[in-house]
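Chemist: So the chains spell out like this:
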Amino acid sequence: MGGVAAIALVLGGSPEGALSSPMSYLRTLGPRADPATVLLWGMIALSLAVVAIIAVAVAAGIVARRRPGSVDSFADLPAQRGTGGLAWFWVGMPLTVIALVGILVWTVAVLATIDSPKARPRLTLEVTGRQWWWQVRYLSDNPAEIFVTANEIHIPTGEPVLVKLVSADVIHSFWAPVLTGKTDAIPGQINVAWLQADRPGRYHGECAEFCGIEHARMGLDVIAESPATFEAWRRGEMRPAVTPSSALEATGEEVFAVHCAVCHSVRGMGLPVVRRAGEHGIVGPDLTHLMSRETLAAGTVPNTIGGLSGWIGNPQALKLGAQMPKTYLSGSELQAVVRYLETLR
Amino acid sequence: MTTAWEDARRPRIVAIDGDFPGARLQRMWETAPGLKGWISSVDHKEIGKRYIVTAFVFLILGGIEAMVMRWQLAAPNQTLLTPEQYDQLFTIHGVTMIFLYSSPILTGFSNFLWPLLLGSRDMAFPRLNALSYWIYLAAGVFIYAGFVTGNGPNDGWFNYVPYAAKTYNPGINIDVYALGLILLGISTTVGSANFVVTFLRTRAPGMSINRVPILTWGTLTASVANLLAVPSVSLAFFLLWMDRQFGTQFFTADKGQPLIWQHLFWMFGHPWVYAIVLPAMGMVSDALPTFCRRPLVGYTPVALATVATMALGFGVWVHHMFATGLPSLALSFFSGASLIITLPSAVAVFAWTATIWTGRPVIRTAFLFFASMIVLFVIGGVSGVMTGSTPVDWQLTQTYFIVAHIHYVLIGINVFPVAGAIYYWFPKMTGRLLDERLGQWNFWTMFVGFNLGFFPMHIVGLMGMPRRIYSYAPEMGWGPMNLVISLGALLFAIGVLLLVVNVAVSLKRGCLAGPNPWGAPTLEWSIPSPPPPYNFAVIPTIESRHPLWEHWLNESPAPSRLTEGLLLDRGRETIATTPFDAEPNLILEMPADSFAPFILSCGLSLGFAATLFHLWWVAALGGLIVIGALVDWFWPRRVHADMEAANG
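So the protein lines, in turn, are chains A and B.
Using our numbering, read the first sequence as starting at 1 and increasing by one per residue.
Using our numbering, read the second sequence as starting at 1001 and increasing by one per residue.
Please note that a few of the clues may not be correct.
[Said to hold, decoys possible] Heads up, simulated EDC-like pairs for lysine to aspartate or glutamate below, C-alpha to C-alpha not over 20 Å straight-line: (1) A:Lys164 x B:Asp1632; (2) A:Lys118 x A:Glu159; (3) A:Lys326 x B:Glu1084; (4) B:Lys1036 x B:Asp1632; (5) A:Lys164 x A:Glu145; (6) B:Lys1036 x B:Glu1046.
To be clear, the hints were calculated from the coordinates, so they are not data collected in a lab.
Since we're looking at a predicted model, the values are computed, not measured.
Using the sequences plus the hints, can you model the full thing?
Modeler: What follows is the structure, given as structure tokens:
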């Protein structure tokens, strides 16, 4: 067991460890992920023990039993029926059965524990997998409290949150390793997952089902905040967008209405939007509170002025194959629209 | 084509005496020289070797694809490949290794070995055997034609819908894959049927089913599984092709059900995984004891475990779908089944280890490959157990942990035994031994390279690296581990290259092997290396599991008779025996060499290629060629043995 402890230390023991990663699930937080993590460590330990036993048995067998000297011709080596071989079955098989039954019982127990949350979740989200980003809708019985955001999922700490998973196109898989294992988002069906963060923090996730050419750039973040901070954020998100307060911002809004609003929505925008039949402004993320998010394009680009300008100017250079086409804006148009987007806090 | 035993004749029992009856048989069984003979041959040994060479070429192609991907992933944010190129690469790599290498290489060995192991002169249906090879080759070329023109499959070998649907994948990429796999399915099906009948009917007299080598149990079990599993995937691909071409709605989200694809695919896919390891495990069960100079410990448990693995293998497919939102009760059942399937595998591991401990191993390259396989098998096995536990799998699935697992399974339990089998049976195939010194280098390079390249994948998987991503950001912390993986993979590739070098060098300059260089117990070693076209001059009679070790083991009251036996020399003939006890009861008239299998597969390939482009008239022409070849195939021919019997 000493070896296992040493490996544990190296692999996941400390956040600064050589092999740590924001995506590692060797250390998890919260009642959805933790029971499975304990089981994972138990199985790692058992697996290493089994491999060590068999590897030593094979290697020692070869060393102990190898025929001494060099063998030139097999014809002179008689074959014999050695005895005692069956003892390996009598010892090995019962041990194997015990180990497997133990794992099975443990597995079913963990499954029963994490299948659904202990308390009834107060918050329900609908997360839609899209090529290649996540649309997040905060559901509520009160229609006025429903709002949509993207890629960054804010949740309150200390309580379970229900996640309804759907897909708008192909199969994706929702995965935030520190908080929960994977649940697929499959078109035509609604899958339900839940997660709970007991400590505030930013927990990274990735799409875990191959979903096309930018599958590698479909990140998400779960941002767990104290209930008060979360509530403040939620109130902020429910508000419509601010009205432009300068000429440059107003120009930017116009540019947005003409060039961007076919795919993107900004709630409460004052200008009419020209959309053809079948266009609903939901191909791309809702941008009403764009500036409350830290990254763009599902974790691909930092949400800074430079990042935003670069992304709007040529998305394909940053995320080849993204649904957002290259926009042909003049320098001043680009500057105006970025200025406008910056007001969307 | 058969003559009833009682009615026609009872063959004489004669002893081999110099050229008698070999010289006469040689004339009857020999394949014509040149291209004509090459295309028309139905000799199982030729077909087996072709399978092995072709599959090995695919192994090398798949390896090159892997190395390009490892270059891309060796460090964060590399741009050697575009995303689409990467997707086509990982897809063709999977398709190549799983469909065009793993299974065909074992089919090749079984094809070459079965009649030699069973004391027969050929497979039950020699022309079907040739057909199976030609269609396999055609399907491989078909899929690769798509790949090299940039139209290769790009949705992974698992090909999940709806990304594989026309809406999201408008090119012909997926159609190439769908039609290619249906074509390959025909090859697998006819090949499997051939193995089943060969096992049941063409064993030498006295070789009851408790005396056959474990390899034949492995291939028999895999073949039965293929007959049951391949229809599932062929159907799935056919329905998908219909969805794509004619707007049917089997897998659409509105009117169909995308998840049905996964059920159909994995109902095939999981049994297939066992089908591509069981024969390789059989090779180890047969050949490892030769080096330990003792019979395998626990023949009966191992044979039963082989069959049990396959039976259970049909009840575990949902463990590929734990995250798809199925009810927990169902997941618990499939978790249980996926854990229990470990038991028969454990039987094999204990049997091999016990064989080493109770034997006196002679260390040769082949032995090293077989013995190391035990450990690799256990590593792939325990990581499989981990993924069989649903809550743990919710984290592990779709990460590099799974990539590590599948490679320990497929390389550990397929490539390593196959490499060992090449060292072990190369002398039988060519008459020459592979170089032992180069062999040791070959083994250690592959062993170290493999573990260096693939063990860290477990760790980077536990660090959360998803599969099937063409690039990753440096802040994920996966960079250093990926560099180690890429270097290990490079070393492993060099190891495989050493195997190729050894084969190339030893073909001309290897030591002459003689009939039985390993002092091995089974029938293939009782005849010259390489074997004559008719395999056995007289049909042997078998009295034990180890006909060539009887003088040491005293297993049977009477010795097997290898140098005297049934004389079947009135044309291409072999003996048919009863399925369980192997009592001889029929003389089988074996077909002459024939162009029909080659022409049939040409017609079939033409039909499939034309179908891809909706050239229906050309497809019809392909169909006509197929019918023409079948008419020739079934055309009644003069039964030469009866004529001779009547005359003389």
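Chemist: Hint by hint, say whether it matches the structure.
Modeler: Hint-by-hint comparison with the structure:
1. A:Lys164 x B:Asp1632: Roughly 61 Å between the alpha carbons, so the hint for Lys164 (chain A) and Asp1632 (chain B) is violated.
2. A:Lys118 x A:Glu159: The given pair, whose Cα atoms are some 10 Å apart, holds under the 20 Å limit.
3. A:Lys326 x B:Glu1084: OK: Lys326 (chain A) and Glu1084 (chain B) at ~19 Å, within 20 Å.
4. B:Lys1036 x B:Asp1632: 17 Å, holds
5. A:Lys164 x A:Glu145: Measuring from Cα to Cα gives roughly 17 Å; hence the hint holds.
6. B:Lys1036 x B:Glu1046: Between Lys1036 (chain B) and Glu1046 (chain B) the Cα gap is close to 14 Å, so the pair holds against 20 Å.
The structure fails hint 1 only (numbered hints given earlier).
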